[in-house]
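There are 2 protein chains.
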Amino acid sequence: MTYAAPLDDMRFVLNELCDLPAIASLPGYGEATPELTDQILNEAARLASQVWAPINQTGDREGCVLENGVVRMPEGFAEAYRAYVDGGWNGLSIDTEHGGMGLPATLATAVQEMWHAANLALGLCPLLNLGAMQALIAHADPALQAAYLPKLTAGTWTATMNLTEPQAGSDLGEIKTRAVRDGDRFRIHGQKIYITFGEHEMAENIIHLVLARAPDGPPGTKGLGLYLVPKFLPDADGNPGVRNDLRCVSLEHKLGIHGSPTAVMAYGDNDGAIGFQVGDEFGGIACMFTMMNAARIGVGLQGVGVAERAYQRAVDYARTRVQSRPLNGGKQPVAIIQHPDVRRMLLTMRALTEAARAITYYTAAQADTARRHPDAATRERADHRVELLTPVVKAWCTDISTEVASLGIQVHGGMGYIEETGAAQHWRDARITPIYEGTNGIQANDLLGRKLLRDKGASVQDLIAELRGTVFAGDFATAFTTALDDLQAATSWVLDHGTRDLDETFAGANAYLQLTGLVVGGWLMGRAAAAAGDTPFHRHKRLTADFFAQSQLPQTHALRAAITGAGASVNQFPEAAY
Amino acid sequence: MTYAAPLDDMRFVLNELCDLPAIASLPGYGEATPELTDQILNEAARLASQVWAPINQTGDREGCVLENGVVRMPEGFAEAYRAYVDGGWNGLSIDTEHGGMGLPATLATAVQEMWHAANLALGLCPLLNLGAMQALIAHADPALQAAYLPKLTAGTWTATMNLTEPQAGSDLGEIKTRAVRDGDRFRIHGQKIYITFGEHEMAENIIHLVLARAPDGPPGTKGLGLYLVPKFLPDADGNPGVRNDLRCVSLEHKLGIHGSPTAVMAYGDNDGAIGFQVGDEFGGIACMFTMMNAARIGVGLQGVGVAERAYQRAVDYARTRVQSRPLNGGKQPVAIIQHPDVRRMLLTMRALTEAARAITYYTAAQADTARRHPDAATRERADHRVELLTPVVKAWCTDISTEVASLGIQVHGGMGYIEETGAAQHWRDARITPIYEGTNGIQANDLLGRKLLRDKGASVQDLIAELRGTVFAGDFATAFTTALDDLQAATSWVLDHGTRDLDETFAGANAYLQLTGLVVGGWLMGRAAAAAGDTPFHRHKRLTADFFAQSQLPQTHALRAAITGAGASVNQFPEAAY
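Chains as they are written, first to last, in my numbering: chain A, 8 to 585; chain B, 8 to 585.
Check before you lean on any hint, since a few could be wrong.
Said to hold, decoys possible - Cut-off 25 angstroms, straight-line C-alpha distance, at most; resulting in silico cross-link-like pairs (SDA-like, lysine to any residue):
1) A/Lys-229 <-> B/Val-341
2) A/Lys-229 <-> B/Asn-335
3) A/Lys-183 <-> B/Thr-428
4) A/Lys-463 <-> A/Thr-477
5) B/Lys-338 <-> A/Thr-506
The hints are simulated quantities; they were obtained by calculation from the structure and are not laboratory data. Being a predicted model, the structure only gives us computed values, none of them experimental.
Pulled out of the complex, with its shape left as it was, chain A reads as follows:
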């Protein structure tokens, strides 16, 4: 089956929960009229469903093959990417001065969800392009921007992010790849692993952003620089010229996202790959975080997309698969969507996906506000909110994506385990999202360490205060307040214990992130339920919010217990006893 973008829910979240009209009216976003927004969503939906989605499963089956240094992409991928470039999609949220359309990130987020839902593997290419463009816009000097940004914005050149080495994964301080000064440029030597879209021929050129040890720098992360290393050095006209000294050594055999080439890259086998410094001499980590933070929200969005796709496939199967009689009388077998446990699975998938979508779009709206709002205090507050929620978007939305995709398999019964059905692919594909761009454990540590403890709870307390100020009604209000109390209590405990026993406190980091995700998700589901309107859409939103409050929000109780109670056992259990 194909994919249909959930345009009704996307529009609802954009307008009711993110106030896109207000975002679009911020200085610089003048183009984003309601008419244009609609047109963009409709056009993206068409490309996603008609071009990207149909090659998702064949892409998984064919995979990417490295032959004589050339990566052969699955059939149709190059054409699908070209259609995306031709549509001008790559520069949607990039400022017009760099060749983009200058539209709000909030709107672009909805569009990007469609790419990921349609084809998670191919969607990685735009995801990395975006991160690279943002890093170059924020940190590169004007000459470098002029030479590379127009092609990247157009998407005719693609980009990669080169961080990991075998000994340097979560700990980038261990990076050994090094840059050697060569006049006003550098020569890069080293090997990088897990380079997504590190080699392919879908684009004229590939721009690698490589984190490497800067000449004469201190050890650790403070001695790292970021270097722009193109596959082909631009010639005098700015077109791809001489081949740089870099190559794809091999491709990984992965559990999923087979349509995305994950390369081992060798830089400088001969004279050294020519690279250009981005940002400060030892400012590699700062540049990389610009790229990384964009990519983390992008990966959270991948979670939303693949969850939506898995949900649609499961609903489709549940409607058409006839099996067993209904519980309340009825002599004939019925479509399994009529069985309570199947409905429970589908509604869980739906509720989690909607909550994840709401959190992600909301964070994007905060990012637009942080960037464009005329009031400095408003910008600063929004910026803190984005920082606080980025790890939540990345980790919570990707955790639920694996859970939703697993429920999708389960709805299919035995057919779910057969690869031809397609449900299993979503689960395999989704499973990378809690891992890359910083594992979800790293996200949880980031939330607890950099976002909660560092500012002594200021950002979290600001969030809690805003959530507490939202008035809900009835049973939902009770459930939400209880969950919010759990977040408050867990926050107080962490602030109290974090300074005394870091190990015990951080053993609860994952639970704290889950708890935050549930509460923010619940808040947005509640706001959705409270939105004015009495169409069927509004009524279904209310039922989904009720279901979320009844089945998901009460989990905060156990998470609070784990945060405040389980760390000591984790600490005491001896390493040798595992």
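Please build the complex by placing chain B on the supplied structure of chain A, with the hints as guidance.
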């Protein structure tokens, strides 16, 4: 890495939680001395780790291939199966009168866990052999038993279970395969799908137990008979003779368990496959349930095995992978097992696996009691306990296996997503266990419908009373009592509402099963913690139990809320709105 059977924990659970000495002293189990028990566990551990485990990953990579009607197994599988047969393992728990060793099922359960942990795909062959033998022992006439049981007990012939057809999965009443009388035998015509080990050449013969429509029977499940359909009809000497009219049409491409051939089987393409009736003319379902219930506990045990394997692999990686500095000072990167979130993952894996093992072995011990205890009332009570816990063993232990295997991937970070690492295989393999032998949704419905509502809560209340009678100390007691109260409250709610609104009640079936699994698991973890002794092993058991009480048991709160609160939303959400 290979696999080391967790013999210390196995012995502890067998002796302390199952009272194996008492089980072994029941009439008929006279051979199971402590010395023999130890010898058996050690021998099984050796075969599992040295022969079965090393071909687990190659088996996944090579898979099974059908060529000209012959299934080619992965390298080493036939030899590994032969070593298992030569060791006499197939008849471990089969009565001596049928050629087995006549040992308690409790002990055999520990042994079988090792096969599944070492090689989940190959372990399916013994699992199905056991179910078939039990069905034949319970239902076949003496002549049929004499002709087939000795070979099946030895394992030189293997067995399969033929239920599913494309239109008949969970609903066996839709079966179309039919039996036509031919003298004192039958001719079978039809197609069966998902036939595990349906074709291979590891054994001299394959005995298919086929559920089919009996001649002149009523429609639905009441018209089904069970037929023994051998691949080769035994000749006058009882050896494989004429080839029967059946064949493997194709093998499925599955997400996992690639080393296990999942066949589409065609019966009776020509004159009809010759079959022999097992049990009553229309008693197919009863026979099948004997086989199925054994297989359900076997699949729960698969969950335990693959979880243990995933845990061992993750611990091994976490000990050797050096990355990042510790939180509390320390200038050098450390093995990741020192990081709190990694320890949290490992302890979660360990606690869930130990709880699942305890539940499974405990249920096996109850089955031994139900079979052999001299007191009729004790037998009956144990039998009810087995019936009650069979769906819990099957579903809870397989759900945690997928969760544990997923944590195993996460511990590996990026390496977890690379197939060569092996962590991903456990996750893919584990994912079938919540599906086959009755999906976990079917198990949940079974628990709520046949086990709770049918006897008006008698079995569950008996369980709750026994659990409430167990005295625990300190914080564990508080956590356990709270969880038990949640089970009691949910049970009362279900008993009250089940008769009024079946759809609403059954929307909570999965949550009710999860809740029961947590409480019974918590009870056994608590009993383990309370066992006399102060060795390091005992102290680690206590820490694991505390961790379970702090991080897992509090989840009963949300499950109770989902059972009592979410069914209405599931019910009201319109089918067309998904």
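Hint check results:
Restraint check for A/Lys-229 and B/Val-341: satisfied, since their Cα atoms lie roughly 20 angstroms apart, inside the 25 angstroms limit. A hinted pair counts as satisfied when its Cα atoms are at most 25 angstroms apart, and A/Lys-229 with B/Asn-335 qualifies at roughly 20 angstroms. With a C-alpha separation of about 24 angstroms, the suggested pair A/Lys-183 and B/Thr-428 falls inside the 25 angstroms cut-off, and the hint holds. Distance hint between A/Lys-463 and A/Thr-477 is fulfilled; the C-alpha atoms sit about 24 angstroms from each other, no more than 25 angstroms.
Our distance criterion of 25 angstroms between C-alpha atoms is met by B/Lys-338 and A/Thr-506, whose separation comes to about 19 angstroms.
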